[in-house]
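Chain by chain, the residues:
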Amino acid sequence: MNPLYRYFRDIYLGVVTTCIGMKVTLTHIFMPTITVQYPKEKLTYPPRARTMLVTDMETCNGCLQCSRACPVEIIHIETVKALPEDNLGNAPDGKPRRLHVLLFDVEMDKCVHCGLCTEVCPTESIHWENQHEEVSFTRDGMMRHWAEYSVEDRERLKKRAEEIKAEKAKAAAAAQAAKEAKAKKEGDAPPKKADKEGEPQIKSTPTEKPAAKADTADEKGFEPGTPEAKPDKAPPADDSPKNDEESK
Amino acid sequence: MNVLEPYMDLILSVVYLVGVLMFLTIFALLAVWLERKVSAHLQDRLGPMMTGGWHGWSQTIADALKLILKEDIIPAVADRKLFRLAPYLVFIGSLAGFAVLPFAHNLIGSDINIGVYYVIAITSLVVIGILMAGWASNNKWALYGAMRAAAQMVSYEIPVALSLLIPVLMAGTMSMQTIVQNQAGGFWNWYVFQSIPFSLVAFVIYFWASLAEVNRTPFDIPEAESELVAGFHVEYSGMRFAVFFLAEYGNMFVVSAIAATVFLGGWHAPFTFLDFIPGPIWFIGKSMGLVLVQLWLRWTLPRLRVDQLMHVCWKIFLPFSFANLLLVGLWVVLKG
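Protein chains in written order, with my numbering: chain F, 10 to 257; chain X, 30 to 365.
Heads up, some of the hints might be wrong.
[To be verified] Simulated coverage check for chain X against chain F, where a stretch passes if three residues somewhere in it have a Cβ under 8 Å from a Cβ of chain F:
(1) 65-71
(2) 258-267
(3) 324-336
What the hints contain is simulated information worked out from the structure, not anything from laboratory work.
Just so it is clear, CB atoms sit at the ideal spot from N, CA and C, and this is done for glycine as well.
Based on the sequences and whatever the hints tell you, model everything.
Laid out in structure tokens, this is it:
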């Protein structure tokens, strides 16, 4: 290419492209700005935005599914079984509530916003709400307490549950003793063999049983009546599918 | 009054100087705010909106107060004397330019008969100040910035001077006030529209080269934020940094005001029936318009590389300026 031609072409292109660029920027000065003045104006979030976990205690039935689904284990729930005279009202499915949800704490500072808890919640009690501004300077401040029980109530109800459990344990022990006495009276080994036969099918049951018994009344809440049924172990075939369902 | 009579000149000079300093400060505050707002709106942003209520108008005042209140830091290994002197030298270079700016037909610091020459000479002081700042900082980025600034400003002084010679040729004088008076009577008498296209080319060359003179984008390699942090003033903080800033914006106004004086009719109105509006408003308005174009260009164009910068200066501006000068000389001779 002719160097002289290139020289003038470069100058021409320089001038023209500068003019084009200036025209582009000039048009932008008359365009509406896209900045949102945050504290004064706020954007609306998409309906499925994952912002802050909120639990509606009106609908929570204390099933612990969210706590189990949580990959970072930040949902802490404590429940005790309610007595019929507590009058907790009805759950959203129409059945009477059977549990006091004494504690429903969520450590929002550790939350990874995966949304698994909201997906497993059967009553859509734990859900996302656009409350991203509720932040704090401390980790304690990021703890969300959703349970509506005061500390005194919680202690009282726990104590009561302990008492009931102790009573039941006592009763169970008595029943066991009575049963053993009865078995001794029969004076034979065959029933013990029957127990061993059923063991491979319901391998989980014997390990789970003492834990549930010793720990809380949580597990009992799902199948009231089983604790009473378990000690005597009359229908082992009935027991195993029930337990499988529960552990799911 | 008789006692004061011999000192009248001195008193008037001091009053004028104080007035210019106040004007310079207010202009710098306004220009920095404008720069932020213009850059923001060119990029579909809003810029400062909170300070002072209406569109953040007092943001730069707050910034200036902050700079004044900051601790005065001199690096341990810096050359203390030169480090302290440099910002004031830069500031003097830019302030001295105001001495020959004709704000109105009777408002000029000093209507010396070598006005244009004086401006070209005195604004070169800025180069020394910048080089001094970069050297005294004892910082490699500062030194790089200062070297680039020196190379660039010394190179671009040649096209600036050659372009300023064209109105001088047409007016036959270097006195700023006479040059302005020669452009009276409507915008078609302004030198930028005389002897088209030579003076128009001269005006464009002057404006572009003056961008390099004041280290503005696209010729801001001395301060290239992304490469040199802040260039020659990287070690400066607080009040001294504010002085650099003031000098930079003062320089912007000076080069724009010179362009307005020698090419755009100075304090004359574009139409004679608009003469009732006082001269300073026209003069400052024209200068501010050119400053706005500088801001506009800054937020449009990318920064040039050093070799591109030198290419533009030595291979394009310089030959065009020489050819321009010859042709205008011919034009003036033929016109008689």
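Status of each hint after checking the structure:
1. 65-71: holds (count 4)
2. 258-267: violated (count 0)
3. 324-336: holds (count 5)
Figure legend: structure checked against the earlier numbered hints; the only hint not met is number 2.
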